[in-house]
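Taken in sequence, the protein lines are chains A and B.
The working numbering numbers the first residue of the first sequence as 2 and each following residue consecutively.
The working numbering numbers the first residue of the second sequence as 2 and each following residue consecutively.
Bear in mind the hints are in silico, worked out from the structure with no lab data behind them.
The structure presented is a predicted model; accordingly, all values stated were derived computationally and were not measured.
A portion of the hints provided could be inaccurate.
In silico EDC-like pairs for lysine to aspartate or glutamate, Cα to Cα no more than 16 Å straight-line [unchecked claim]:
#1 B:K88 with A:E112
#2 B:K78 with A:E105
#3 A:K297 with A:E47
#4 A:K341 with B:D142
#5 A:K310 with A:E372
#6 A:K321 with A:D391
Protein chains: 2
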Amino acid sequence: MAKEITNRAENYSQWYQDIVKKADLADNSAVRGCMVIKPNGYAIWENMRDQLDRMFKETGHVNAYFPLFIPKSFLSKEAKHVEGFAKECAVVTHHRLMNDPNGEGVIVDPESKLQEELIVRPTSETIIWDAYRSWIQSYRDLPLLINQWANVVRWEMRVRMFLRTAEFLWQEGHTAHATRQEAMEETLRILDIYAKFAEEYMAVPVIKGIKTENERFAGADETFCIEALMQDGKALQAGTSHFLGQNFAKAFDVKFVNDKNEEEFVWATSWGVSTRLVGGLIMAHSDDSGLVLPPKLAPVQVAIVPIPKPSPEIGEVAEKIMKALRDKGISVKYDKDDQKRPGFKFAEHEMRGVPVRIGIGKRDLENGQVEVARRDTKEKSFTPLDGVADYVANLLDDIQQNLFNRAKKFREENTTAVDSFDDFKAIVEAPKEGMPESWGGGFLSAHWDGTTETELRIKELTKATIRCIPLDGEEEPGQCILTGRPSKRRVLFAKAY
Amino acid sequence: MAKEITNRAENYSQWYQDIVKKADLADNSAVRGCMVIKPNGYAIWENMRDQLDRMFKETGHVNAYFPLFIPKSFLSKEAKHVEGFAKECAVVTHHRLMNDPNGEGVIVDPESKLQEELIVRPTSETIIWDAYRSWIQSYRDLPLLINQWANVVRWEMRVRMFLRTAEFLWQEGHTAHATRQEAMEETLRILDIYAKFAEEYMAVPVIKGIKTENERFAGADETFCIEALMQDGKALQAGTSHFLGQNFAKAFDVKFVNDKNEEEFVWATSWGVSTRLVGGLIMAHSDDSGLVLPPKLAPVQVAIVPIPKPSPEIGEVAEKIMKALRDKGISVKYDKDDQKRPGFKFAEHEMRGVPVRIGIGKRDLENGQVEVARRDTKEKSFTPLDGVADYVANLLDDIQQNLFNRAKKFREENTTAVDSFDDFKAIVEAPKEGMPESWGGGFLSAHWDGTTETELRIKELTKATIRCIPLDGEEEPGQCILTGRPSKRRVLFAKAY
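Just chain A, same shape as in the assembly (with noise of 0.2 Å):
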């Protein structure tokens, strides 16, 4: 099963395609640049939900549900908005069909074109922000903390599962406040919450940082950012939070009466991730094996596999150790298949990018003990039966530490701070040993002169763009690679996702 996959460094774009694939995770539809999730590609999306949920809610968050459509002349209601949204999208211009009357199938009814068309909403402020507008009428009705998972659409035909679909799955967060200070608090804190989860559940390290002008949400006065380096080093913007100061207050007439009695607009954020983490977290860890899950996030986090098949004495320790893994919170899965043998079992879950795998075979019982075999070191050891809850529990404790730990090392390897333009070309121009063709040079950190010229410059003559102005970096003066002209700091590049 596993040869049935392409290495890494010979095609990191088909390697990919192929995990995809054989991990059974996404297919694609009959509908160009929409994909099906699987259930194991959405279990894994599930997970990355419930937790997200669980950290909005605990900061105060609430959800509610917009509509899908977006009336068209609602786009064009704020300047920057439209230039950025109101592109590539899908239009609903009709509302009814009818029977062919030439008895093909059915057509649409001309009759019921629309007044007014409607937007597949490709983002929710506009609407969001029109019945805020009958929401909030005083200081006492805010902060308002609204989240919706939802589905989106941004017409694309250049699909790439997960991580480039005309319709994608997220979560967009719409806050009111009363201050400035106050919104501004709220998209840091969400940046926060964004980074923690990546870090900590996704074991992925990010670089927090600000966009520049160019990069930045259509409508936003700054637009924040955490970002990944993915295994051929490229980045993956991982999430966005939008300070988004009152111009969508203002857009949509959206004011309120402060304790002084005055009337203000309002001030406000948005913010989201999508399904697109799914794909940074399976080009983030996996192998040449297949898939590669961080504990926290696996649908299913230990398999028990009975060597050479299943046999009651085997299924009754199974279910022993199953009892005692769930009592721990942890996810199992007995592969009682009779038909199947232990090495296609194994590859399959490795594939499937199960963290730990028990084997169980007659010896074993005999000796007290089981084979446990971890997927990211893909290392095995033998662990006596009594007290293999506990082992396989810290296990999957180290697996989760392991991966972001190697996935940190890597791009501290690959994160290079440049002071040249030829330096810097030369960088994201050639494959680094071992790795694909596509290789995109890791992070750069570079001085920049700050203009929006500059930038698209080097982004023409590199393809790399900047990812971020790092929230962490130091004040360092310096020259920027490509026009010599002042820099107060470095910036972030990378070829980008």
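For this one, chain A is given, so just place chain B on it according to the hints.
Okay, now just chain B, sitting in the frame of chain A:
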């Protein structure tokens, strides 16, 4: 606050709207036909979803996600399905907007017309069975037990919050089986889950039954349903489970090789419940003071109100009570607002359907007791501080049971066996004493000759439809109330939502 609600007896429909608005459950939106589900309403749906999701998973189902869009031609592939669903729907015809050359916002780019129009899913059988064709080859791939939580759109302008909206949220299960018997067992297993959920969680008694051919899902061989009675004597279809036979397998050419190495078409089921259940929940239990929620689905189960206002002493006791309640898995909120008076808060919690309210005053503390009020009967009692959590836990169970018993008694009192069409008409036409003008007549158990013609004629004459042929109904020869022709058993009629 409460006085702003219309009385049920006066105008039931207005009463319902008032509750939705005053309990802050939902709002109209800028898009005709679509509603906004506000946090209070969404939290109820989340609780429903979590319970149902657990019940589905416990019976071996997994979640997945399929595209929002369905190619127009797909709808025509199943002959009956197209009649039912290729009607009022949202049709996507273009995929791009552009700046209006006249400077008036944005317009649809005529160059972006799609070759084939896409329909926003009204239900997903077609797109899912198109995918199943490549997922199913052998009997070893079966059964496939998949569920999807999603939004769907059925164009609809006459909105009734939760009960009828163009876009709504639901779950749709789509399973594939090797045999007719297995598919039928699945259909009924789900029907049982729906009934159990309605009765044990929603506290709404339901009748399980089979739909007549006329009311059957378009594309199904048999539709099973659960039917509930609302307080205005009208029925609500609360969930449906369809036995689809091999219809979709044939339409989408989904075959498998069985264990005798023969090729066969796959057997199918589909089943769903939607946010309409929230509407049913509101209507089943609420009263003239506002929302009444069964404890098992109430987002806030207990509200603690300091009397007359928050103080450190009361706060300390409230904290202790909250901890004790949370340890029992009970959700509780301390209403520490210091602007609103207790009377206002009482009315507010009553309006929002919080099942139990605890009042704590200074005198109570001196006496070592608190006042506990239950929302369903509005009874109040004092209980010692010691053991208050146990008392409340029991009370919540009692409220849950009482709501169910009350609804069941109501249904029993309003289910009438009728044997003549005159009696039938009299019951559905005359508002019952103390009931609103719009009184529906309750359930009528009557004989019917089994023809669609008679069914439609009765509907035309009375607006009552056959809700179902009850599964637990006994054979009882009789005569059709309209035509006098022979009938083998009684069926259940009602006016319905």
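### Query
Any hints this thing doesn't respect? Which numbers, in order?
none
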